[in-house]
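Let's have the full structure, built from the sequences with the hints guiding it.
If you're matching them up, the sequences are chains A and B in order. When the letters of the first sequence are read in order and numbered with my numbering, they come out as residues 1 to 402. When the letters of the second sequence are read in order and numbered with my numbering, they come out as residues 1 to 402.
These are calculated hints, taken from the structure and not from any lab test. Some hints here could point you the wrong way.
If chains are identical, the list can't say which one is meant, so a pair holds when it fits in one copy or spans any two.
Heads up, simulated DMTMM-like pairs for lysine to aspartate or glutamate below, C-alpha to C-alpha not over 25 angstroms straight-line [to be verified]:
| # | residue 1 | residue 2 |
| --- | --- | --- |
| 1 | Lys49 | Glu334 |
| 2 | Lys365 | Glu392 |
| 3 | Lys370 | Asp337 |
| 4 | Lys365 | Glu119 |
| 5 | Lys395 | Glu368 |
| 6 | Lys290 | Glu38 |
| 7 | Lys49 | Asp381 |
| 8 | Lys263 | Asp8 |
| 9 | Lys253 | Asp86 |
| 10 | Lys135 | Asp342 |
| 11 | Lys25 | Asp169 |
| 12 | Lys25 | Asp355 |
| 13 | Lys26 | Asp355 |
| 14 | Lys347 | Glu119 |
| 15 | Lys395 | Glu357 |
| 16 | Lys347 | Asp85 |
| 17 | Lys10 | Asp140 |
Just so it is clear, the structure is predicted and the values come from calculations on it, not from any experiment.
Chain by chain, the residues:
Number of protein chains: 2
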Amino acid sequence: MKILKDKDYKVPGFLVSGTRCGIKKKEGAKDLAVIYSEVPASVAAVFTKNAVKAAPVLLDMERVKSGKGRAVVINSGNANACTGDDGLKKARAMSRGVAKALKVKEEMVYVSSTGVIGEPLPVDKIINAIPELVKNMREDGWKDVEAAIMTTDAFPKMVGVRTDIGGKDITIMGIAKGAGMIHPNMATMLCYIATDCFISPILLDKALRKAVDASFNSITVDGDTSTNDTVLALANGVAGNKPLTSRSMDMGKFQDAFNYVTKELAKMIVRDGEGATKVIEINVKGAAGKSDAKKAANAIGRSNLVKTAFFGNDPNWGRIAAAAGYSGARVIPERMDIYFNDLQVVKNGLCVGGDWEVKARNAMKGVEVKVTVDLNMGKGDATVWASDLTYEYVKINASYRS
Amino acid sequence: MKILKDKDYKVPGFLVSGTRCGIKKKEGAKDLAVIYSEVPASVAAVFTKNAVKAAPVLLDMERVKSGKGRAVVINSGNANACTGDDGLKKARAMSRGVAKALKVKEEMVYVSSTGVIGEPLPVDKIINAIPELVKNMREDGWKDVEAAIMTTDAFPKMVGVRTDIGGKDITIMGIAKGAGMIHPNMATMLCYIATDCFISPILLDKALRKAVDASFNSITVDGDTSTNDTVLALANGVAGNKPLTSRSMDMGKFQDAFNYVTKELAKMIVRDGEGATKVIEINVKGAAGKSDAKKAANAIGRSNLVKTAFFGNDPNWGRIAAAAGYSGARVIPERMDIYFNDLQVVKNGLCVGGDWEVKARNAMKGVEVKVTVDLNMGKGDATVWASDLTYEYVKINASYRS
Numbered sequence: 001m002k003i004l005k006d007k008d009y010k011v012p013g014f015l016v017s018g019t020r021c022g023i024k025k026k027e028g029a030k031d032l033a034v035i036y037s038e039v040p041a042s043v044a045a046v047f048t049k050n051a052v053k054a055a056p057v058l059l060d061m062e063r064v065k066s067g068k069g070r071a072v073v074i075n076s077g078n079a080n081a082c083t084g085d086d087g088l089k090k091a092r093a094m095s096r097g098v099a100k101a102l103k104v105k106e107e108m109v110y111v112s113s114t115g116v117i118g119e120p121l122p123v124d125k126i127i128n129a130i131p132e133l134v135k136n137m138r139e140d141g142w143k144d145v146e147a148a149i150m151t152t153d154a155f156p157k158m159v160g161v162r163t164d165i166g167g168k169d170i171t172i173m174g175i176a177k178g179a180g181m182i183h184p185n186m187a188t189m190l191c192y193i194a195t196d197c198f199i200s201p202i203l204l205d206k207a208l209r210k211a212v213d214a215s216f217n218s219i220t221v222d223g224d225t226s227t228n229d230t231v232l233a234l235a236n237g238v239a240g241n242k243p244l245t246s247r248s249m250d251m252g253k254f255q256d257a258f259n260y261v262t263k264e265l266a267k268m269i270v271r272d273g274e275g276a277t278k279v280i281e282i283n284v285k286g287a288a289g290k291s292d293a294k295k296a297a298n299a300i301g302r303s304n305l306v307k308t309a310f311f312g313n314d315p316n317w318g319r320i321a322a323a324a325g326y327s328g329a330r331v332i333p334e335r336m337d338i339y340f341n342d343l344q345v346v347k348n349g350l351c352v353g354g355d356w357e358v359k360a361r362n363a364m365k366g367v368e369v370k371v372t373v374d375l376n377m378g379k380g381d382a383t384v385w386a387s388d389l390t391y392e393y394v395k396i397n398a399s400y401r402s
Numbered sequence: 001m002k003i004l005k006d007k008d009y010k011v012p013g014f015l016v017s018g019t020r021c022g023i024k025k026k027e028g029a030k031d032l033a034v035i036y037s038e039v040p041a042s043v044a045a046v047f048t049k050n051a052v053k054a055a056p057v058l059l060d061m062e063r064v065k066s067g068k069g070r071a072v073v074i075n076s077g078n079a080n081a082c083t084g085d086d087g088l089k090k091a092r093a094m095s096r097g098v099a100k101a102l103k104v105k106e107e108m109v110y111v112s113s114t115g116v117i118g119e120p121l122p123v124d125k126i127i128n129a130i131p132e133l134v135k136n137m138r139e140d141g142w143k144d145v146e147a148a149i150m151t152t153d154a155f156p157k158m159v160g161v162r163t164d165i166g167g168k169d170i171t172i173m174g175i176a177k178g179a180g181m182i183h184p185n186m187a188t189m190l191c192y193i194a195t196d197c198f199i200s201p202i203l204l205d206k207a208l209r210k211a212v213d214a215s216f217n218s219i220t221v222d223g224d225t226s227t228n229d230t231v232l233a234l235a236n237g238v239a240g241n242k243p244l245t246s247r248s249m250d251m252g253k254f255q256d257a258f259n260y261v262t263k264e265l266a267k268m269i270v271r272d273g274e275g276a277t278k279v280i281e282i283n284v285k286g287a288a289g290k291s292d293a294k295k296a297a298n299a300i301g302r303s304n305l306v307k308t309a310f311f312g313n314d315p316n317w318g319r320i321a322a323a324a325g326y327s328g329a330r331v332i333p334e335r336m337d338i339y340f341n342d343l344q345v346v347k348n349g350l351c352v353g354g355d356w357e358v359k360a361r362n363a364m365k366g367v368e369v370k371v372t373v374d375l376n377m378g379k380g381d382a383t384v385w386a387s388d389l390t391y392e393y394v395k396i397n398a399s400y401r402s
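Given below as structure tokens:
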């Protein structure tokens, strides 16, 4: 597997672009993007579990049942969420406008929106910008797409890889936006993955769900998703490989490459956590089961007291133990071991003593810190990535709409 | 029911005091307290649901089974949590020391600790201070008790009421500490309630659980309790009223007075939320059931995005709708109504439009703001009190141990 450099970001058979339609307040900021496959593509997607779903999510959930698609249109600056029938009409109008310009069926066009919730979508701005959006499409326009979907993101999130599947070179390109979702109740996370691999919608859906579980679902807490979260994959088959089959070696290779792309994007989102100064990798081992491990890791990663302690380089392992304790995972305090990076600070539920604190403070000082909690209850393990909680987080979120 | 003034804080038959034993770092700060009943009292208590329980909690859980007690000893500055067998021995030593000095049985003495987790309790300091602690006991020493149990609290939390039960005046006095517990995974909350009412341990336990459910359990999220949380009530019967019976009018009066004390204390804790600038009262109405109402209210009160929006006086109702949406409560977005104080901003899931934003910003500016979410799904309702999330919260919790 080869990791692509920025200049090589393109996927055969995909034309993409990003432009300004005028929704974002900032002068000149791009806020409208399209991803277009020159031939019909297999499509798979996962969406927010929030009961309050944005209009474009409701639309896409219907359309993805076909397993097919030609394009995705995305706007930023307005989430088109909590907008009722009017929102649904406007989401449809977005897709219709793009479908017309691309001369494809409306049902083949997917829609995403991200930004402020509950304000009417200024859809006319979008419709007016579609001709230019489509005219500008090109194979290497991914950076413009990324720029047009970002909101509070501090940096773009793009990963491309190339690998050999059945004697053919195939490309997997992923882009994402999101900087708040590592927090309990996050800003929107969007991710699009385009590949020229030939794969059926059913297998693409399987691969996507596996990859999301080990990446985006490991930087947040189950169920705690925004109104708009969407991860959507398109595979157009232009590489001309033999169709992948369920248990083939090639399917394994494809999955590995796919996982790499989503995991790297997920980590970038944590690194860009609103106001974050560091990425905390939380490894829970020895849980009574996989689900216990996830519960404990999520509770630790979600704890405001843990997050603020990390911001202050305070090795307050008691807060970590307490979070594991209330997570719902089966915990016997006397069995718990805790490590900062490779430094053990707790053994059988008790502090190791000595000069542990000075050493632990040093271990915490990097921008990437690993915490390992061994519950010594069984064989379940899970990894979650979290950011710290800082002044800057409060600042960003206290004034997001202003 | 009469609300007592500060100078009238005393309960017949109870002697109390607070002193300095030297655990808190701050020069002169009180950190050891005792509450003593001159006669055997009925005792009831509720404790943290955290799987990781501090040593004194484990001890008290055993002792409260008797339904009887004479005294409580409390230290601050060290939580005696995650301290294993050594911690249990020290908790027992604290109770033994106080029992000796008071000439009561060791099993009649309850213990609480609050402060840093995971550090060995300097129990010798406590033992050495017990003679003075006991010597200083007096009826009106409640302020000293409160001072000795506070940690990050910005102000003391004390409520006393007097009411007539079966022709006798009875007093209910409550004190509490805790400033972080309104946040998802909180600092320790301690509360002690002393009354001279004559009531059986079983009825006292019932009354306590009812009161806690409508107060302390409504300012936090179920299961998310610290290692040390304790609410303990002592009733010594010195008032000489006829024993209360389960469904009598007098029992109702007692419950009302008890509820008043715990609810006022709970609200004080929110008002003193670490770094908080305002108290948000979240009323969820029209939920499909009581448990749905609690889920939605808790999710809203716990959301960092909602909390920061309130700090910034940003009427971002979308975040409130989103939190209700992921809470697990049954929600149909098109039915949701949202109000800030009495101002309706969302009707049937849609913004009311017009100049709502200016009005809503104004509605949010007070130190107490009410949010009402009507799910229009049924008859379940619940109220939760939450604080906002501020720079100061981050500051306090990033440097708590320093």
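> Which of the numbered hints are not met once you compare them with the structure shown?
Replying inline: 6, 9, 10 and 11
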